[in-house]
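Asker: Sequence:
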Amino acid sequence: MAKVVVVNTSPRKGANSETLAMKIAEGAKDNGNEIQVFNLRELEINGCKACMGCKKTGNCVQKDGIKDVLEAIKEADGLVISAAVYFGQPNAQYRILEDRMFSLIDGEFKPFIAPGKKLAVVGTSGGDPVACGTIADGILGRLGGFFKFEPVGKVAINGCNPPNVAAGNEEALAQAYEIGKKF
123 MAKVVVVNTS
133 PRKGANSETL
143 AMKIAEGAKD
153 NGNEIQVFNL
163 RELEINGCKA
173 CMGCKKTGNC
183 VQKDGIKDVL
193 EAIKEADGLV
203 ISAAVYFGQP
213 NAQYRILEDR
223 MFSLIDGEFK
233 PFIAPGKKLA
243 VVGTSGGDPV
253 ACGTIADGIL
263 GRLGGFFKFE
273 PVGKVAINGC
283 NPPNVAAGNE
293 EALAQAYEIG
303 KKF
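My numbering puts the first residue of the sequence shown at 123, with every later residue one more than the last.
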């Protein structure tokens, strides 16, 4: 049994990003995987302080809510990340996560974590139909590149107003579930 960590970065509880991330988790669980979920909106998190302490130890020196998330990512076999898109960019909580994942690479940009973890990304947006897919692809590319993660898929949907519209999007839900089965 593999362990899959789901990191929901959306500040909205039960909204589009979380709905689709949890559908991926459902597919992964139905495929025999253990699931661990983190909702960043529930954690006290700080931005990277660029102190470079992590380059010596492989661990961020800050003692906030991201610490457990980063430890879980290190131990996981797979990772699901959801991000809402605001003004054409990933939401602030996602940016903090990505910045703090800097602690998982050494000073020469070599990962402190094992390569080959599977990665799926959810991106949701109320507006721009291009930005959402571009953001999801960017996350897959950056994390895949730095950490040698294996991308298994993305779900990127636009027109996500109101905040619960994804729950009725059968195509996106089915796509998310099938991505989950790849873990």
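Among these hints, one or two may not hold up.
For lysine to any residue, the following SDA-like pairs were computed, each having C-alpha atoms within a straight-line distance of at most 25 Å [what the hints assert, rightly or not]:
no.	residue 1	residue 2
1	LYS151	PRO284
2	LYS189	ASP199
3	LYS185	LYS196
4	LYS270	ASP221
5	LYS303	ASP250
6	LYS151	ASN181
7	LYS303	ASP152
8	LYS135	GLN215
9	LYS270	THR256
10	LYS304	LYS177
11	LYS304	ILE157
12	LYS303	ALA124
13	LYS303	GLY266
14	LYS125	MET174
15	LYS125	TYR208
16	LYS196	GLU292
17	LYS177	LYS135
18	LYS270	GLU156
19	LYS178	LYS304
20	LYS270	LYS135
Here are the computed distance ranges between Cβ atoms for each label pair [stated by the list, open to error]:
no.	residue 1	residue 2	range
21	ALA296	ASP259	32 to 38 Å
22	ASP186	GLU300	32 to 38 Å
23	ALA296	LYS177	25 to 31 Å
24	GLY281	PRO133	18 to 24 Å
25	LYS270	PRO133	26 to 32 Å
26	ASP228	ALA296	39 to 45 Å
27	ALA124	ASP190	40 to 46 Å
28	ARG264	ALA296	26 to 32 Å
29	PHE234	ASP259	24 to 30 Å
30	GLY180	GLY266	40 to 46 Å
31	GLY169	GLY210	28 to 34 Å
32	ASP259	PHE224	28 to 34 Å
33	ALA214	ASN181	19 to 25 Å
34	LYS177	GLY266	17 to 23 Å
Read the hints as simulated data drawn from the structure, not as lab findings.
Note that this is a predicted model, so its numbers are computed, not measured.
Built from N, CA and C at the ideal position, the CB exists for glycine as well.
Asker: Would you mind confirming whether the straight-line C-alpha gap from LYS270 to ASP221 stays at or under 25 Å?
Answerer: 17 Å, holds
Asker: Starting from the range 25 to 31 Å, see whether the pair ALA296 and LYS177 falls in it by beta-carbon distance.
Answerer: Roughly 43 Å apart at Cβ, these two residues miss the hinted range, so it is violated.
Asker: What's the verdict on LYS303 and ASP152, does the C-alpha distance respect the 25 Å limit or exceed it?
Answerer: 7 Å, holds
Asker: Please verify whether LYS270 and GLU156 have alpha carbons no more than 25 Å apart.
Answerer: 22 Å, holds
Asker: Run the distance test for LYS270 versus LYS135: straight-line Cα separation, threshold 25 Å.
Answerer: 30 Å, violated
Asker: Take a look at whether the Cβ-Cβ distance between ASP259 and PHE224 falls inside 28 to 34 Å.
Answerer: Violated, at about 21 Å.
Asker: With a cut-off of 25 Å on the C-alpha distance, tell me whether LYS304 and LYS177 pass.
Answerer: Given that 25 Å is the threshold and the Cα spacing comes to 33 Å, the pair is violated.
Asker: Quick one, are LYS303 and GLY266 close enough, alpha carbons at most 25 Å?
Answerer: Distance ~19 Å between LYS303 and GLY266 Cα, so the pair holds.
Asker: 40 to 46 Å was suggested as the range; check whether the CB atoms of GLY180 and GLY266 agree with it.
Answerer: For GLY180 and GLY266 the Cβ distance comes to about 20 Å; the hint is violated.
Asker: For the range 19 to 25 Å, tell me whether the beta carbons of ALA214 and ASN181 fit it or not.
Answerer: About 23 Å separates the Cβ atoms of ALA214 and ASN181, which means 19 to 25 Å holds.
Asker: Tell me if the straight-line CA distance from LYS185 to LYS196 falls inside 25 Å.
Answerer: Holds - the C-alpha atoms of LYS196 and LYS185 are around 17 Å apart, at most 25 Å.
Asker: Does THR256 lie within 25 Å of LYS270 when you go C-alpha to C-alpha?
Answerer: Roughly 20 Å separates the two Cα atoms, so the pair holds.
Hint check: violations occur at hints 1, 5, 6, 10, 14, 15, 16, 17, 19, 20, 21, 23, 27, 30, 31 and 32; the rest are consistent with the structure.
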